[in-house]
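With the working numbering applied, the sequence shown covers 1 to 474.
It is worth saying that the hints were derived from the structure and are not from the lab.
Straight line, CA to CA, 27 Å or less: simulated DSS-like cross-link-like pairs of lysine-lysine: (1) K172 <-> K230; (2) K455 <-> K384; (3) K104 <-> K29.
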Amino acid sequence: MATHDYDLVVIGSGPSGHRAAISAAKLGKRVAIVERMRELGGVCVATGTIPSKTMREAAIHLSGIHQRAFYGSAYRAKDSITADDLRHRTQMVMAREYEIVRDKLVRNGVEVVLGTARFADSHRVVVELQDETREVTADFFVIAVGTRPYMPPSVEHDGVTILNADSILDIKVMPKTMTCIGGGVIGLEYASIFSALGVQVTVVDLAKNLLGFVDTEIVDALIYQLRQMKVVFRLGEKVESVTVDHSGAKPHAVTHLASGKIVVSDIALYSAGRQANGDTLDAEKAGLEIDKRGKLSVNSVYRTSVDHIYAVGDVIGFPALASTSMEQGRLAALDAFGARDEKHVHDIYPYGIYTIPEISTVGATEELLTQESIPYEIGIARYKEIARGQILGDDTGVVKLIVDQRTRRLLGVHAIGTGATELIHIGQAVIAHNGTIDYLINAVFNYPTLAECYKTAALDASNRLKAISGVQKV
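Generate the whole structure from the sequences, applying the supplied hints.
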């Protein structure tokens, strides 16, 4: 007989949470999912991946940035772009995504419980919704509560002039100038979006080298192209304070740097990290420990220090991607019920960064291989050499292959340009199956497509390998 209400309770309905719930339901388990927001989908749908990427597509379409190679740098699809233009498309997509997530859960027999969950003990949570409370018990729990923007007390976040990654989605007036404090993934994505719309953007970051987990050559290409879009970078600069100045005709943001510089802009986006929501769970009552940023520690199967409680998604930290979070949720649910797929490839997953232009990467970087003393060669394909690149008007895109000098195995793929986040999956499949560049050389790709970059880059790498084939190792 069942001793608890459910076999599994998932806390959080974002990508990792709803994937965990559905995976368990497909095993015939009794599953409930608890969500604190009114709509399902978590931060991913409400304020994160879906709205930000939709805003990006709206910016690309309305600005006509991809058509300027044909019609001139002054070309605009819409002369006067407003914040409402961006918000309209974003809200439409969000509404559809809410419906999709709810439909998936309902079709798979997952019970939805709306409210904020807090642990009472390791098998029991109390769900609060306004004045009502409900107690829910389960054999297993999956914590998928995600993150929120980190805002230090010294920053005057008012949601109008000084914004974070949540509040920027609700801007009422398109700014003329903008300061992005933080040059990470989110900061650079929004910097490129607003720059494409004609906003003068300044990016400030303490680091001198941005996106340290991405191939350096690709990052350099991104920064070059953003500078071509008139983005100003203040790197190696510490921010002392960010305040709102009300002395003028309208409020504006003032960013003071430790070097003495002052950056004034219509709005400032503070994007210097995120705070995990593990601190909202009363986790200590379940025997769990969270760190100062609200994160939970897990082992290789996403199990916490309490055997029947798992944690997945952004609440466990890096890589904090929707794609990897989904897989973490699925694998956690399978492990809980003894159905884990041992053939799963754990460490080969792509990164997609939706800047304009977008960049994507999978596998090893040059820096990593050099550190590990693995001899490699590269192969390059440039969009300007590919017919599809000419058709699209993208003459700056690049696909870069990294190849083992000894075995010709493909070790890494790094791309920047139109469709980079789609292209990367071809390389991911080859790497996952220990494939060599000979597969890419001999494969037939549709013409004209950007996928032809793989053949061109593979041939380039092969030619480079021929040049060293007869050289004796010292």
